[in-house]
Amino acid sequence: MFLIASRNLFQEKSRLAVSVGGVAFAIILMVVLFGIYNGSIDRDVKFIQESPADIVILRQGMVDMYKGVPLVSLADIEKIRQEPGVQSVTPVISLRPAVEKDDKQYNLIISSFDPSDLSQGPWALSQGTKQITDDEILIPSALAKKLGKSVGDTLIFSESTKSWRIAGLVPDASSFGNNYSWITYSAAQSFITVPNTVSFAFVKLTQPSDVAHEAKVLQAKYPQINVRDKAALVQEEKTSLGDSFLPILQAILAIAVLIGTAVIGITIYTSVLDKSREVGILKAIGISNKQLYLTSLTQALLTTVLGLLVGILLSFAVGWFISTALDLPVQISQWTIAWVSGLALVMGCIASLIPVKRLASIDPAEVFKS
Amino acid sequence: MNVITAQNITKIYGTGESKVTALDDVSLNVAAGEVVLIMGPSGSGKTTLLLVLGTLLHPDSGVVTINEQNVHELSNRDLPGLRLRKIGFIFQHFNLLSALTAQENVMVPLLIAGVKSSQTKKKAGELLKRLGVAKRAGSLPQNLSGGEKQRVAIARAMVGSPSILLADEPTANLDSKTGHEVVEILYKYAKEEGKAVVIVSHDQRIRDIADRVVLIEDGKLKEV
Ligand SMILES: Nc1ncnc2c1ncn2[C@@H]1O[C@H](COP(=O)(O)OP(=O)(O)O)[C@@H](O)[C@H]1O
Ligand SMILES: [Mg+2]
Chain A
21 MFLIASRNLF QEKSRLAVSV GGVAFAIILM VVLFGIYNGS IDRDVKFIQE
71 SPADIVILRQ GMVDMYKGVP LVSLADIEKI RQEPGVQSVT PVISLRPAVE
121 KDDKQYNLII SSFDPSDLSQ GPWALSQGTK QITDDEILIP SALAKKLGKS
171 VGDTLIFSES TKSWRIAGLV PDASSFGNNY SWITYSAAQS FITVPNTVSF
221 AFVKLTQPSD VAHEAKVLQA KYPQINVRDK AALVQEEKTS LGDSFLPILQ
271 AILAIAVLIG TAVIGITIYT SVLDKSREVG ILKAIGISNK QLYLTSLTQA
321 LLTTVLGLLV GILLSFAVGW FISTALDLPV QISQWTIAWV SGLALVMGCI
371 ASLIPVKRLA SIDPAEVFKS
Chain B
175 MNVITAQNIT KIYGTGESKV TALDDVSLNV AAGEVVLIMG PSGSGKTTLL
225 LVLGTLLHPD SGVVTINEQN VHELSNRDLP GLRLRKIGFI FQHFNLLSAL
275 TAQENVMVPL LIAGVKSSQT KKKAGELLKR LGVAKRAGSL PQNLSGGEKQ
325 RVAIARAMVG SPSILLADEP TANLDSKTGH EVVEILYKYA KEEGKAVVIV
375 SHDQRIRDIA DRVVLIEDGK LKEV
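Keeping their order, the protein sequence lines are chains A and B.
Going by the working numbering, the first sequence runs without a break in its numbering and finishes at 390.
Going by the working numbering, the second sequence runs without a break in its numbering and finishes at 398.
Hints listed in this document are in silico derivations from the structure and should not be mistaken for laboratory results.
The model shown is predicted, which means the values in this text are computed figures rather than measured ones.
Even for Gly, the Cβ is constructed at its ideal location relative to N, Cα and C.
Be a bit skeptical, because a hint or two may be false.
[As the list claims (entries may be wrong)] Estimated spans, in silico, between C-beta atoms of each pair:
1. A:I272 with B:K309: 52 to 58 angstroms
2. A:V366 with B:L248: 32 to 38 angstroms
3. B:E191 with A:A282: 24 to 30 angstroms
4. A:D383 with B:T195: 19 to 25 angstroms
5. B:S192 with A:W359: 56 to 62 angstroms
6. B:R259 with A:I272: 49 to 55 angstroms
7. A:V366 with B:T195: 50 to 56 angstroms
8. B:S319 with A:L346: 24 to 30 angstroms
9. A:L333 with B:D234: 56 to 62 angstroms
10. B:E242 with A:C369: 39 to 45 angstroms
11. B:Q181 with A:V366: 29 to 35 angstroms
12. B:K309 with A:Q354: 48 to 54 angstroms
[Unchecked claim] Below, in silico cross-link-like pairs of lysine to aspartate or glutamate (DMTMM-like), each with a Cα-Cα straight-line distance of 25 angstroms or less:
13. A:K310 with B:E355
14. B:K193 with A:D383
15. A:K224 with A:D263
16. A:K182 with A:E257
17. B:K396 with B:E208
18. A:K182 with A:D154
19. A:K389 with B:E191
20. A:K389 with B:D234
21. B:K303 with B:E355
22. A:K389 with B:E343
23. A:K169 with A:D192
24. A:K389 with B:D198
25. A:K389 with B:E391
26. A:K389 with B:D349
27. B:K295 with A:E298
28. B:K296 with A:D154
29. B:K362 with B:E397
30. A:K389 with B:E367
31. B:K290 with B:D234
32. A:K66 with A:D249
33. A:K310 with A:D383
34. A:K389 with B:D392
35. B:K290 with A:D192
36. A:K150 with A:D134
37. B:K303 with B:E247
38. B:K394 with A:E386
39. B:K193 with A:E386
40. A:K121 with A:D192
So here's chain A without its partners, still in its complex pose (with noise of 0.2 angstroms):
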């Protein structure tokens, strides 16, 4: 059966283009979308992913660590400095400033960190330094492009005077409209409306094995403050920025499904009208419905196996342009290349099937006509 499906297959070349061709735009659609699903996410919770912290502490009742009014007291951080298996304890100031170019604003959510500890601060730099001066300042790098800046060059936020020299930039720091930026910590400390208050603080323990527990000890100690876990907090990140985004993306990928199926089944529904006669033939010959039936799945299979190739590969091309002509993050992720060819095979099933009332209702007496 194998036989007959592949050279049916690849005898009508343009029918076999377009039908692998449908299936890969599916595919492309599928894996693009949420390469950029997955970058955004990932990139959106770099910030605490990259932190040097196991711990995050936070004020009571904030959810976010960068909304609402920041305050974690200076002598809570203090004391918990002291308490057993914490290691360092880095209290962070944040600050939610914008700039402005040709009347478009971006948002800059600035954290605080001490040059001197080489741990702390941002994950890296494409250019620049990460030792800087209170009056420098570390931003994302697509943020320097989309204002004409670059290394050397200063930033003043909207409605102040004062003027940061941007001492280096930071590669994969913008997410979402939120460019996440650096200042040393002395500098952030004129910008605290709270007298020994900061925003929040990165805890580092020496047995970094139990976290967890470690937090809820911490927790049940320090009731007045919000003590997470980092992967916690991670997780939880990710999981609202994915509820808010995941059912575009299922409407979509309901789309992309829709669309290869309906490639699959119409270019195959199509050979099997094109190929009646034939069908009628190997029938007189003596072929069973199943057979039959083996044959167009064969078809589709083959087709689906062709369209995810040429699909992924191109998903990598279209993943790749993407992110350097338009900025977005993509990161095609294994998991998500295995889900989406076992979409792909269903998709292929289920086009297979879509031919065979037609299959069934073929006369083989037909074939003795001329």
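Guided by the hints, dock chain B with the ligands onto chain A, whose structure is given.
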């Protein structure tokens, strides 16, 4: 021994005004090693009879047996298997599968029967050689001459060694020389392998080699 029998077959197409009695109480037996020629004017019911014998058409009444098996007792599910094992069809228009090479066309019945691919290839190759078209084994049907196509088609019909060959005007689209060669092949199949061969044709040469000639007129059959 009769390989195939048809008793009191009646087949009516359509209803009412447009009713056509294609076969009217037709009976025919064909024994192993026998070549039977069915002649008759166009529209007399020859193809219809062949379809009924080949289990591709249900008669309105009458019984067909193949190797003593009443085919009407078989379900639609079992009929393809019966045709695959017992019957080879040869058509006026060759009816090769256009995407497959000559050799692959011959392999088809064996592949459907689930024979191993290497074996089917060997067997098809041998048969094409025997029928004198070994050189065209790798050609697509579109690149074959009429005579070559019909030899390939005959090889396909014979490859599973069916006990019955049913041929509907097998030489009508061939020149007289190749037509003669085709007749020769069918005759040999009946005589050398002891198979039943039923041929519908106007071809006089077949008349010369046929063991029996029957004539159909208006759906009625008579021995000549
Ligand atoms: N499917 C059909 N529906 C209606 N009438 C048919 C059909 N097939 C054949 N006939 C009619 O039955 C008669 C016998 O046809 P056929 O067996 O093809 O004759 P032959 O092969 O001898 O030319 C003709 O009158 C033909 O028109
Ligand atoms: Mg006819």
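Hints, verified against the model:
no.: 1; hint: A:I272 with B:K309: 52 to 58 angstroms; in the structure: 56 angstroms, holds
no.: 2; hint: A:V366 with B:L248: 32 to 38 angstroms; in the structure: 36 angstroms, holds
no.: 3; hint: B:E191 with A:A282: 24 to 30 angstroms; in the structure: 44 angstroms, violated
no.: 4; hint: A:D383 with B:T195: 19 to 25 angstroms; in the structure: 20 angstroms, holds
no.: 5; hint: B:S192 with A:W359: 56 to 62 angstroms; in the structure: 57 angstroms, holds
no.: 6; hint: B:R259 with A:I272: 49 to 55 angstroms; in the structure: 52 angstroms, holds
no.: 7; hint: A:V366 with B:T195: 50 to 56 angstroms; in the structure: 52 angstroms, holds
no.: 8; hint: B:S319 with A:L346: 24 to 30 angstroms; in the structure: 60 angstroms, violated
no.: 9; hint: A:L333 with B:D234: 56 to 62 angstroms; in the structure: 59 angstroms, holds
no.: 10; hint: B:E242 with A:C369: 39 to 45 angstroms; in the structure: 42 angstroms, holds
no.: 11; hint: B:Q181 with A:V366: 29 to 35 angstroms; in the structure: 52 angstroms, violated
no.: 12; hint: B:K309 with A:Q354: 48 to 54 angstroms; in the structure: 51 angstroms, holds
no.: 13; hint: A:K310 with B:E355; in the structure: 37 angstroms, violated
no.: 14; hint: B:K193 with A:D383; in the structure: 20 angstroms, holds
no.: 15; hint: A:K224 with A:D263; in the structure: 30 angstroms, violated
no.: 16; hint: A:K182 with A:E257; in the structure: 33 angstroms, violated
no.: 17; hint: B:K396 with B:E208; in the structure: 17 angstroms, holds
no.: 18; hint: A:K182 with A:D154; in the structure: 11 angstroms, holds
no.: 19; hint: A:K389 with B:E191; in the structure: 23 angstroms, holds
no.: 20; hint: A:K389 with B:D234; in the structure: 21 angstroms, holds
no.: 21; hint: B:K303 with B:E355; in the structure: 14 angstroms, holds
no.: 22; hint: A:K389 with B:E343; in the structure: 11 angstroms, holds
no.: 23; hint: A:K169 with A:D192; in the structure: 17 angstroms, holds
no.: 24; hint: A:K389 with B:D198; in the structure: 21 angstroms, holds
no.: 25; hint: A:K389 with B:E391; in the structure: 19 angstroms, holds
no.: 26; hint: A:K389 with B:D349; in the structure: 21 angstroms, holds
no.: 27; hint: B:K295 with A:E298; in the structure: 21 angstroms, holds
no.: 28; hint: B:K296 with A:D154; in the structure: 85 angstroms, violated
no.: 29; hint: B:K362 with B:E397; in the structure: 23 angstroms, holds
no.: 30; hint: A:K389 with B:E367; in the structure: 30 angstroms, violated
no.: 31; hint: B:K290 with B:D234; in the structure: 39 angstroms, violated
no.: 32; hint: A:K66 with A:D249; in the structure: 15 angstroms, holds
no.: 33; hint: A:K310 with A:D383; in the structure: 15 angstroms, holds
no.: 34; hint: A:K389 with B:D392; in the structure: 19 angstroms, holds
no.: 35; hint: B:K290 with A:D192; in the structure: 58 angstroms, violated
no.: 36; hint: A:K150 with A:D134; in the structure: 10 angstroms, holds
no.: 37; hint: B:K303 with B:E247; in the structure: 39 angstroms, violated
no.: 38; hint: B:K394 with A:E386; in the structure: 23 angstroms, holds
no.: 39; hint: B:K193 with A:E386; in the structure: 19 angstroms, holds
no.: 40; hint: A:K121 with A:D192; in the structure: 21 angstroms, holds
Violated hints for the displayed structure, listed by number in ascending order: 3, 8, 11, 13, 15, 16, 28, 30, 31, 35 and 37.
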